[in-house]
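**Q** So the chains spell out like this:
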Amino acid sequence: MGRKVNVLGVGMVKFQKPGASEEYNVMASKAARAALEDAGIAYDAVEQAYAGYVFGDSTCGQRAIYEVGLTGIPVFNVNNNCATGSTALLLGRQAVEGGLAECVLVVGFEQMEKGALGSKYTDRTNPMDQHAAVMSKVQGFNEAPPAAQFFGGAGREYRWRWGTKKETFAKISEKARKHAKNNPYALFTDPLTVEEIMAAPEVFDPLTRYQCCPPTCGAAAAILCSDDFAKKHGASRPVYIAAQAMTTDTPATFKADSMIKAIGYDMAANAAKKAYDKAGLGPKDVQVIELHDCFTANELLTYEALGLCGEGEAEKFIWSGDNTYGGKFVTNPSGGLLSKGHPLGATGLAQCAELVWQLRGTAGARQVAGAKVALQHNLGLGGACVVTVYRRD
Amino acid sequence: MANEVRFDGKVVIVTGAGGGLGRSHALLFGSRGAKVIVNDLGGAMTGGGRSSAAADKVVAEIKAAGGEAAASYDSVEDGAKIVQAALDSFGRLDIVVNNAGILRDTSFAKMTEEDWDLIYRVHVLGAFRVTHAAWPHFYKQQYGRVVMTASAAGIYGNFGQANYSMAKLGLLGLSNTLAIEGRKKGIHVNTVAPLAGSRLTETVLPKELIDALKPEYVSPLVAWLCHESCTETGGLYEVGGGYFAKLRWERSKGKSYRIGRTMTVEGVKEAWGEIAGFDGAEHPADIAQSMQAVMANVQAGPSKGGNDLIDVDLALGYEYPERTSRYDERDLSIYALGVGAAADPLDDKELALVYEMHGSGFKALPTYGVIPPMNQLMTMAKEGLTAPGLKYGLDRLLHGEQYTELLRPLPPSQKLTHRSRIKEIWDKGKGALVVTETKSYDEAGELLIVNEFTAFIRGAGGWGGDRGPSTEINLPPDRPADATASEKIGASQALLYRLSGDWNPLHADPNFAKAFGFERPILHGLCTFGYAARHVVKQYSNGDPRYFKSIKVRFADSVFPGETLVTEMWKESDTRIVFRCKVKERDKVVISNAAIELYREIPQPKAKAAPAAAKPAAAATAAPAAAAVPTSDDIFTAIGAFLKKTPELSSKVGKIFQFKLTAPDSVWTVDVKAAPGAVARGGSTPADCTLELTDADFMGMCTGKLDAQKLYFGGKLKISGDLMASQRLEFLRKLDPALVVEAMQARGAGAPAAAAPAAAAAAAPAASAGPSSEDVFLALTAYVGEHPELVAKTGAVFLFDLSEPATQWTLDLKNAKGSVVRGKGEAPDCTLALSEGDFMDMSTGKVDPQKLYFGGKLKISGNVMASTKLSFLQKIDPAWAAQAVAKLRGEMAAAKPAAATAPVGAAAPARAPAGGAKAAALFAALGKRLAAEPGLAKDIGAAIAFKVTAPAAAYTVDLRTAPGSVKDGAASDAGATLTLADADLAALAAGSAAAQDLFQRGRLRVDGDVRLAQKLGFLKGLGA
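Protein chains in written order, with this note's numbering: chain W, 823 to 1215; chain A, -8 to 1015.
These are computed hints drawn from the structure, not numbers from a lab.
It is possible that some hints are incorrect.
Here are the simulated DSSO-like cross-link-like pairs (lysine-lysine), alpha carbons at most 27 Å apart as the crow flies [said to hold, decoys possible]:
{"#": "1", "chain 1": "A", "residue 1": "Lys784", "chain 2": "W", "residue 2": "Lys936"}
{"#": "2", "chain 1": "A", "residue 1": "Lys805", "chain 2": "A", "residue 2": "Lys131"}
{"#": "3", "chain 1": "A", "residue 1": "Lys805", "chain 2": "W", "residue 2": "Lys1003"}
Starting from the given sequences, assemble the full structure and let the hints guide the process.
**A** Given below as structure tokens:
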């Protein structure tokens, strides 16, 4: 086994709507400086940097990090769709864990355009063509945003299988808004009722507009380091990564004729199992979770994939309030992708930042009481899923 | 009142509402359910003082009438307080009516700065402050309505109201920009210019008029502009005394001077009629449209220059109106004699140029080709029709050069159509060269003659423009002439030549000639030109003028009749002869830089047919020989020949068609049932399918000028009997055009090229020239049926107002599940007006709607932004659409086998055919099944509502208590509401579709308990 990897510092900028944000390099360098300050170290202590982003030309990572310092260290640009941030985090962790570096900077950022996600390159094979083929076979393809069709389709399949009410999906958005209200970094902080959510324009049945995460601009960063490094810099009981696992698609994604499989349910379940096993913990040991709620349907499915409830029990889980303060778990105290926003490259690191704050007990009004073990789930279609267990002893 | 325009739940601020217009607005809003902030400072008409009495009184009036209102006594200059009052009193704000105003009327000379400033503060600054304070709330709630109150004094001016006029038009400017800034946020801003009797107008209007101008006559417009269903924004309205109208800007067509020219005061003065005249005026509605004229001028490129006499930008490329003329052997003979032909009447070849009964055939002297175009140019000049920008008089004009080309020998008689344009303009320093090109076409539309008249305009050059090509062409080679012809020109030759049309007295009147500095009348340059050409033809094409191709000459000097013309010729090749002409007596070169080109072989006309037989008679009276155009008889004769050649068609088509043509009437039966098929005049055989149309429309259709489908949907082509059979007429597309030509020839008519496309011709009506807008809307009907979510996404009603031919379609994506209806439905939010052709191009992706819009071909009124939601139209898969249309059309035909004489288009096919709908029968059968099998209800124990689309219908299957029942309409208390298309419902019942699959595909929508959708077994086998 490798060395223990600590999250010495985290930082992020307030997430903004496209057009309202600063440029990626400004956002990313601000987040990186905030993480350095939080860690109490200077940039020249950083030996390697991992920069995650999806949209932009090559070497945006350097351009952003150069604003923090020009120490000539290796900078890696990471691109893995919506799981980009946590993929960068995983690479940084591997470097420290494997003894290749004492301290690394991981930064994720995204400067997104307005509107739903689309394809930039139309002259070559689309990376998701196999996923799209499944969807096309199972439910056809229409003019709704493709991501909404994927996750909405999974919602339909779940609904048919378990007889779920549409309101159950809406209830997740209501919770997300409630949580985001206390998060100064979140994009949408106005509360919404289930009725308002249900009445919003439908994007793809059963998803209404308020059940889809918005295109967002933002950045977040983390400083990872070894125990030696942490000790040298006087950190007391830093949050550390107890386990981390990454998975990609399996044959089930393409062969099961199932939208639930197509959107990576198995990837999530497999990654969670590996992470739990490695940490020697189970769902019941976790108090707080940041999970990938790009659409309400995915949050619902992820409850089951992460083992927070049994299969087919999500509806009951939700209406019992077991996903919020006072229940069994608190999912997405930050407001999640739905309310905090989803700048693709930044999301994985923003989740990390939230959980670090939660474990340190510094999450203010959104603090989850007694948070000792935290779970992060970050998923990208295409596909990649990273599940991380954080602890603080 | 039914459909009362209500403002329930809305909060409105009316400033200056203590009396007059404001009070009237406030009372109206209050009576329609709005909560009203009655704002009035209670000041004097001229601005001084304040009191709460005025506002309180109006509040009391509203409350007494059962409405809700609160008073605000703040000055509009404290706009934020008024807005705060609305928020404090009612918790929100939706509408601001800026009405408060004062007057400080005085002539401008006596106006003080205080008069000016006070008016500005109350009207402009006040409206700004109130609106500015309200704006963030509107912005946040994505909804707001603002009305500004302007005045005719601002729009038109009014004595003694300089300050007031300034303020009132200032509000319009504010409103215009706020309308733009608010558009995307659901904020509409409009301006009214009311005429009403109030304390403000008492000063300027007579008492009797004021009595007729009740404030109550103004308020309804203000209220409508503030209603949520009103899509107007950025408008200006005049209202009062019962009159309501909208204003817009009108802009003269204007005058553009090309970029790069010196823009002069004189230029403006000269063009004042165009700058200030309103013929062909436009109505720019926004900055983009405003800029179009400027952009067009910039895009036209830099000026090519010019001066007082020649404006190159205007003149170059100018196309003269098309002119026609006729000539015959008489004209040709007079011309030939005019240029000295047949001076020896025993010369057989010369005789052929002037003698129409010549044994080897009459031949036209080729240089006659310059005469008809020259004459029509001169006629236009006489009529005052000159190219714009050419402002010199004929006195400056010298015929400098001439080029004439024949595409084939001139026929002995012909009707010509001339198209002329200014081809080149060159700046030669002192003078200028203007080249006019005329192309002359024969009766069949074939190009026959090309002329280029190069005029040298004395003293018109020197603007620094392009000098044009400067190489000397057609110079004689450095050797003695290969051949020389010498001919004495008759003393009266000019008098003979002028009979061909150049009546200039310079060539006839000795006194006139003297006045121009000539000792006697001179010969026409083009007469010399004719002599020279005759010499070359005689020398090099053995006297046969039919080999002549072209001639190019430069006129170097004048010739006097009676002088001897010497033509020196150099054979540069078999087909090119360079020549020059001199006057022997004076040894002066009179034609230089000249050449004639010959054809190797005599070119033949493209159209096979010889022109109508030449009659040795005066052409003027000769009726144009019948016929270069096919008639309906020819087409039917050709069809008959075609059927004979293609006997196997009968087994494929197996139908008898009857064509009933009108104006003139004729009936034809085309029998493609009994081999080998036959075409017969008359209609005694009973037909499967009858097509009725006018002879002209039939021919238009046959020559491809009219679209069969448009005729059909325009009601001009009626099809009765077996509608589907008409599709079988497609075989006519294979009709060989040669057969039509043969038919024409058989009846003794020429068959010009124009007849050729006739084949496509007869191509069947319904058989389909491409899709029509009706197809598109049919496809949309199906598409909307399959995509109920469009309603939630779009939320608007669109009216498509098509022209050419005119049709209207309403696409409702706002109410219920959406619908497509022919004609104008209720209250469209957005109207798109465009031609049928443009609509088709747009919907087939051939043209970008934005281009149509900016090009003024697509007009969008109402809620323009709503139109952007129509982008889904371009995502409809054409293959799917074709299927959907075929299906719906099939159902239509099935539903109405004898749809008969009525134009089918009017049968509102959008409302899907009764015969096609399966739901009714299916649910009726279910009712019976339930009665027979009461156990069904027990298993389900719930009510299931079915909302069927395409066509729309609703049923509720109530299985809460045995035996269960089926009711019309969707019950609101059903356990689940299932929305699906009629066809899908039928497929479910037939077992050819699975509910889960339909659900996953979004074709079966389940609101409520989705489990109930899994228990639809009771439908199985129904309606089979």
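**Q** Please go over all the hints and tell whether each is borne out by the structure.
**A** The hints, checked one at a time:
no. : hint                 : in the structure
1   : A/Lys784 x W/Lys936  : 17 Å, holds
2   : A/Lys805 x A/Lys131  : 24 Å, holds
3   : A/Lys805 x W/Lys1003 : 34 Å, violated
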